[in-house]
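With the hints as extra help, turn the sequences into a complete structure.
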Amino acid sequence: MQNVIDTANHIVAYAAKAARVQVIAAYPITPQTSIVERIAELVESGELNAEYIRVESEHSAMSACMGAAAGGVRTFTATSSHGLVLMHEALHWASGSRLPIVMPVVNRALGPGWNIWADFTDSMSQRDTGWIQFYCAENQEVFDTIIQVYKLCENERVLLPAMVCLEGFILSHTYMPVEIPDQEKIDDFLPPYKPKWFLDVNKPISHANIVSPEWYMEFRYMIQEAMENAKQLIPEIDKEYGKYFGFEHGGLIDKYKCEDADLILLTMGTIGSEAKIAVDNLRKEGLKVGTARVRVFRPFPREEIRKLAENAQMFAVIDRGISFGMEGFLAEETKASLSNQKDQPLIAGFIAGLGGRDVTFKTIEKIAKKSSEWMRAGKVGKETVWVDLRK
Amino acid sequence: MVVVPKTRKEMPVTALSVPTIGSAGKTGFWRDFKPVWVELVSPCTYDCPANNSIPKIFEKVRNGKLDEAAKIFLETNPFPSITGRVCPHLCERHCNRGEYDEIISIRSIERFLGDYVLKKKGERGFHEISAETGKKIAIIGSGPAGLSAAYYLRKIGHNVTIFESEKKLGGVLAYGIPPYRLPKQIVEKEVAALAKMGIKIKTGTAIGKGVTFEVIQKEFDVALLAIGAWKERDIGIPGEEFMMSGLEFLKEVNKGLREPPGMAVAVIGGGNVGIDVARTLKRLGAEPTILYRRTEKEMPAIDEEIQKAKEDGIEFRFLTQPVEASKRNGKIVLKCIKMRLGEPDATGRRRPIPIEGSEFTLEFDAVIKAVGERPDTTWIPRKFLNEKGWIKADPATGFVGENVFAAGDLVSGPATVVEAISAGRKTARSINQYLRGEEIKLEAPLEKPVKIEKINIEYYEPKERVKTFELPPEERTKSLDKEETLGVSLEEVESEADRCFSCGYCRSCRICWIFCPDSSIEIKDDSKPEFDYDYCKGCGICSNECPCGVITMQREEE
Amino acid sequence: MMESIKELSKEEYLLKGHIACAGCGLTISLRLLFKALGNKLVMVVPACCTSVIPGPYPYTSFAVPVQNIIFEATGATASGVVAAFRQRGIKDVPVVGWAGDGGTFDIGIQALSGAAERETNFIYICYDNEAYGNTGIQRSGATPYGAWTTTTPTGKKERKKDMPFIMAAHRIPYIATACPSYPMDFINKIRKAKEIKGTKFIHILAPCPTGWRYDTSKTVEIGRLAVQTGMWALFEIEYGKFKLNSPSDRLIDKAKRKPVKEYLSLQGRFRKLTEDDIEKIQRWVDEDWERYRKLALNQYV
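Chains as they are written, first to last, in this note's numbering: chain A, 1 to 391; chain B, 1 to 558; chain C, 1 to 301.
One or more hints might be untrue.
As the list claims (entries may be wrong) - What follows is a set of in silico ranges between Cβ atoms, one per label pair, in the way DEER data are often shown:
# : chain 1 : residue 1 : chain 2 : residue 2 : range
1 : B       : 447       : C       : 266       : 58 to 64 Å
2 : B       : 134       : C       : 11        : 53 to 59 Å
3 : B       : 448       : C       : 162       : 45 to 51 Å
Claimed, not checked - In silico contact screen, one side only, chain C against chain B (beta carbon under 7 Å); selected entries:
# : residue
4 : 59
5 : 183
6 : 216
Claimed, not checked - Calculated Cβ distances over 10 Å to all of chain A for the following chain C residues:
#  : residue
7  : 4
8  : 82
9  : 110
10 : 141
11 : 165
12 : 253
13 : 298
The hints are simulated quantities; they were obtained by calculation from the structure and are not laboratory data. From a predicted model like this one, the values you see are computed outputs, not experimental measurements. Where is the CB? At the ideal position from N, CA and C, for every residue including glycine.
So this is what it looks like as structure tokens:
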């Protein structure tokens with residue numbers, strides 16, 4: 001075991017090394033850059049025995065990863081924002097190919113104009129690509145999730161690619177203490193990748209030629225089935241990881257003081273960490289509040305949301321992103337999860353922290369107070385509130 | 001074969017497809033035209049009087065299968081060693097390669113193979129002879145027609161006896177053609193090979209003198225007359241008694257005569273016998289002059305021989321017709337008249353017309369006439385002859401009447417060796433039909449030959465025709481027995497075979513196969529292509545590209 | 001040539017029953033690829049005719065492993081496969097990117113350029129039928145001047161990119177042009193490419209009866225005419241060294257080349273060319289050959 005204090009981006013590089021990835025194909029983009037820089041150092045120093053393809057675009061990064069994964073090896077890339085959006089086509093092809101590629105996404109706003117700061121719109125707009133999506137709240141979780149996700153994605157019942165999302169600068173460039181377990185133990189937890197098929201001259205099959213309407217739906221159904229399987233496996237793997245290394249991250253949802261809470265703040269990423277401070281402060285004021293940080297957005301933990309809703313009177317959903325013309329992504333999914341359920345809690349959506357604007361515990365306390373007002377009134381004053389928006 | 005998944009559980013998680021023939025079903029029904037493999041007649045085969053399968057033989061040569069090449073030759077010509085030397089090679093006349101660069105030297109390949117076959121013929125088991133039929137056949141005359149018929153009849157298993165009035169077999173081959181063109185040991189070896197096949201040979205036996213033809217007819221199931229045309233025609237002028245017969249002269253030379261009848265010798269006639277006589281005279285040290293009543297263009301002799309005679313330094317006097325011969329002071333004086341050419345006659349040649357008052361005289365030590373030959377039929381029963389004394393034979397089948405057949409110059413009049421060989425083979429075929437009690441039927445005539453348009457010449461690189469080496473005139477005229485044309489090497493033969501367009505005959509090049517976009521042509525055992533009509537889409541590339549023109553596109557029936 | 005063809009394997013790895021158009025030049029090229037390399041290769045194929053012709057799941061006409069991939073990604077995905085094989089110690093299996101002209105000249109040029117610049121050890125083969133064939137003949141950067149396509153109904157007004165020289169500017173070790181009408185040249189170039197380390201680019205002119213509007217039986221003939229007229233030159237650029245190959249090496253002298261009209265007039269797509277157009281094309285071809293002549297003389301690109 002090794003204790004380090006480092007940025008999440010460097011931790012990502014160490015996690016890739018710990019996972020013994022074999023092929024990395026990546027293209028630099030702020031704020032992901034220090035990941036590929038550190039990986040380059042690791043590869044060139046020989047600490048990481050991997051092929052590092054310094055591709056000429058993110059589209060090619062993902063395309064190269066697909067080639068590598070089809071070649072039968074553990075594959076890695078990382079990106080942000082415009083880079084991720086450029087990959088969009090390839091993301092669909094990767095999940096449809098059922099290739100267990102793992103990709104940290106350093107969340108960053110999309111232009112115009114140029115904004116390099118945290119925002120979930122980049123990864124949220126890839127939610128329908130068939131990728132598993134994790135959102136992390138701290139550097140340790142970043143490391144642990146990458147290791148966990150390889151185990152998940154390479155599971156025969158899953159075989160899907162996954163994004164491990166972390167907010168730009170807030171995590172990517174922030175030093176935090178991280179425990180890196182012993183390599184042998186990691187190797188034990190995460191054995192080498194054994195592909196179910198690869199481009200084998202001794203067994204010449206063609207991958208991804210034409211699929212007619214006669215067969216297409218079944219393949220799509222199987223992706224959905226894999227997502228459901230993942231939903232079942234994620235908490236199990238998280239628990240197993242906890243047993244190995246002492247860290248658990250709440251499986252699908254990291255819950256904090258929700259058991260007796262009337263008001264639950266639904267969050268993602270680092271807002272979840274800030275929300276914990278807010279909860280502690282508000283509890284001192286007598287407010288029965290808790291927070292649930294949605295760790296896995298795809299597959300969406302619909303059942304866990306429903307369970308949370310059983311005892312809560314209200315959900316305040318905080319989104320660092322918006323689906324234009326509707327509302328925050330998490331708010332949308334939360335409401336959709338609760339449809340057809342009896343005794344639904346009130347739900348209010350809050351859009352906060354777009355393009356890297358600060359969301360501190362104070363911002364969250366403000367949101368909680370507004371929400372508790374509406375809870376007491378038994379009616380949500382506004383469907384979606386843009387927090388700290390200029391008049 | 002792939003098992004199609006029935007349930008979702010049997011499917012892979014992503015689209016992994018397995019190699020399968022007919023992945024999207026059969027594609028043959030797309031086709032409007034289908035390629036068919038049709039062998040066509042090559043111009044050389046068509047023009048060859050023996051219809052030798054030349055492209056087929058060359059294909060074997062290209063593949064280094066000389067034994068097989070030789071066997072194919074023997075199917076239509078038992079004596080390629082002879083025709084390879086003396087044949088005028090009509091086969092080369094319309095060779096399609098000539099329209100590209102130079103015609104193929106078929107003759108040099110034939111000669112090479114002929115010598116090869118001759119060597120092989122000495123080997124045991126080279127000729128397969130069918131089971132004895134017990135049928136007895138008498139062949140009278142042992143020239144190319146008689147020998148050819150003997151060969152084919154014996155191969156079938158008949159009991160063949162050749163009757164020859166001379167001491168040696170061969171007829172014109174032994175006694176007509178001079179040795180510098182056809183070395184006598186070649187003929188002797190061919191004859192020896194025939195004897196080895198079990199053909200009985202009775203030389204020095206002239207039918208009609210000792211044994212009558214009627215006896216032959218009775219003792220044998222079939223009698224074949226192949227006596228050639230050995231009677232010199234008369235010019236029909238006074239003083240012919242002072243002239244020698246060209247044929248007789250050649251016969252004497254072939255029997256060993258090495259003295260010329262004089263220094264200045266006139267040879268009358270422009271045919272092959274005339275040229276042979278003149279060139280022979282030259283080699284015996286005489287100074288021959290050929291007198292011919294038309295011009296060089298109308299000479300019936302083989303053109304090549306005319307050219308060689310000129311190279312030999314033989315004098316030609318064209319448009320010259322002797323009208324009278326007389327003897328004076330041991331010399332023969334020929335009175336001649338100048339001719340001019342008029343309208344074409346029945347042979348298509350321009351008729352010579354005497355120019356009045358143009359008479360002149362020439363003086364020679366000897367005069368040899370060679371103005372045409374005809375068969376000597378005096379001993380043949382009248383019932384088999386027509387009023388002009390010619391044999392009454394069907395020119396195609398050789399059938400005469402009763403159990404009598406005829407072949408060669410006896411039927412056709414003077415012709416080439418290869419024509420006689422061909423006649424011998426065809427008549428053998430008729431005889432066999434007759435002996436089996438079948439109707440005597442002709443071989444089907446050949447289809448029209450392939451034109452160059454059908455050949456894809458893109459596959460042939462320009463390449464020079466093989467050069468045959470001839471002795472220079474000053475050297476060759478010194479010896480009567482030294483063969484003047486030399487053979488070519490195996491390497492040269494292969495090069496020439498490679499130049500051949502193989503018109504209408506598959507040269508197993510696999511061009512069709514390599515270009516088939518549908519993987520629907522299969523080559524089995526290095527032979528012809530096979531089309532898989534289940535999958536062939538009928539694009540026609542194979543037909544368009546075929547370097548030999550053997551693939552034809554045929555409309556599909558509705 | 002005929003002798004060498006006889007020595008080729010009779011094994012077929014493009015199985016019959018595929019659904020390419022009758023007379024397809026690309027499928028001949030595919031068969032030649034397999035004649036050159038056998039079945040020990042991995043193919044990366046983007047969206048193009050080749051992704052359609054082997055037929056639909058669960059079958060394929062390819063008896064070699066094939067990764068189908070998105071249109072612009074050939075160079076990148078091949079890079080991935082190469083990297084994976086290196087990691088796995090698979091050494092003797094060439095990775096072949098096999099893309100059409102659209103996937104090479106246009107949408108895929110970036111990934112190809114990247115892969116080449118990275119010195120990726122693979123063979124990239126562009127089979128060029130001078131249009132987007134799979135979508136029904138639309139113009140591409142490879143469509144020649146004057147050619148009809150469905151998006152240039154009156155004929156293309158611009159010239160074709162000089163792709164081999166674009167690749168030459170990448171300083172890759174081996175570039176070659178080929179045409180299925182010259183199968184041994186084609187096969188030898190692929191075999192040579194296999195032995196060279198680094199990025200190899202082979203540019204194939206693959207006549208397309210459907211798009212070029214000629215009789216299906218003429219595919220090989222048209223390819224041959226392209227070479228004989230000099231519209232398509234057979235050459236190699238090996239470590240920067242330029243060399244014309246037979247029979248193009250005999251065509252430096254203009255008199256030896258057939259007039260381009262012989263090539264153009266056989267194809268319906270050039271039907272609307274005026275005499276001026278033909279003259280212009282002839283001039284361009286002559287200019288190209290002047291360049292080839294100098295290159296052949298100085299050898300280095």
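Verification of the supplied hints:
{"no.": "1", "hint": "B:447 <-> C:266: 58 to 64 Å", "in the structure": "violated (31 Å)"}
{"no.": "2", "hint": "B:134 <-> C:11: 53 to 59 Å", "in the structure": "holds (54 Å)"}
{"no.": "3", "hint": "B:448 <-> C:162: 45 to 51 Å", "in the structure": "holds (50 Å)"}
{"no.": "4", "hint": "59", "in the structure": "holds (4 Å)"}
{"no.": "5", "hint": "183", "in the structure": "holds (5 Å)"}
{"no.": "6", "hint": "216", "in the structure": "holds (4 Å)"}
{"no.": "7", "hint": "4", "in the structure": "holds (25 Å)"}
{"no.": "8", "hint": "82", "in the structure": "violated (8 Å)"}
{"no.": "9", "hint": "110", "in the structure": "violated (6 Å)"}
{"no.": "10", "hint": "141", "in the structure": "holds (19 Å)"}
{"no.": "11", "hint": "165", "in the structure": "holds (20 Å)"}
{"no.": "12", "hint": "253", "in the structure": "holds (42 Å)"}
{"no.": "13", "hint": "298", "in the structure": "holds (31 Å)"}
The structure is inconsistent with the numbered hints 1, 8, 9, although it conforms to all the rest.
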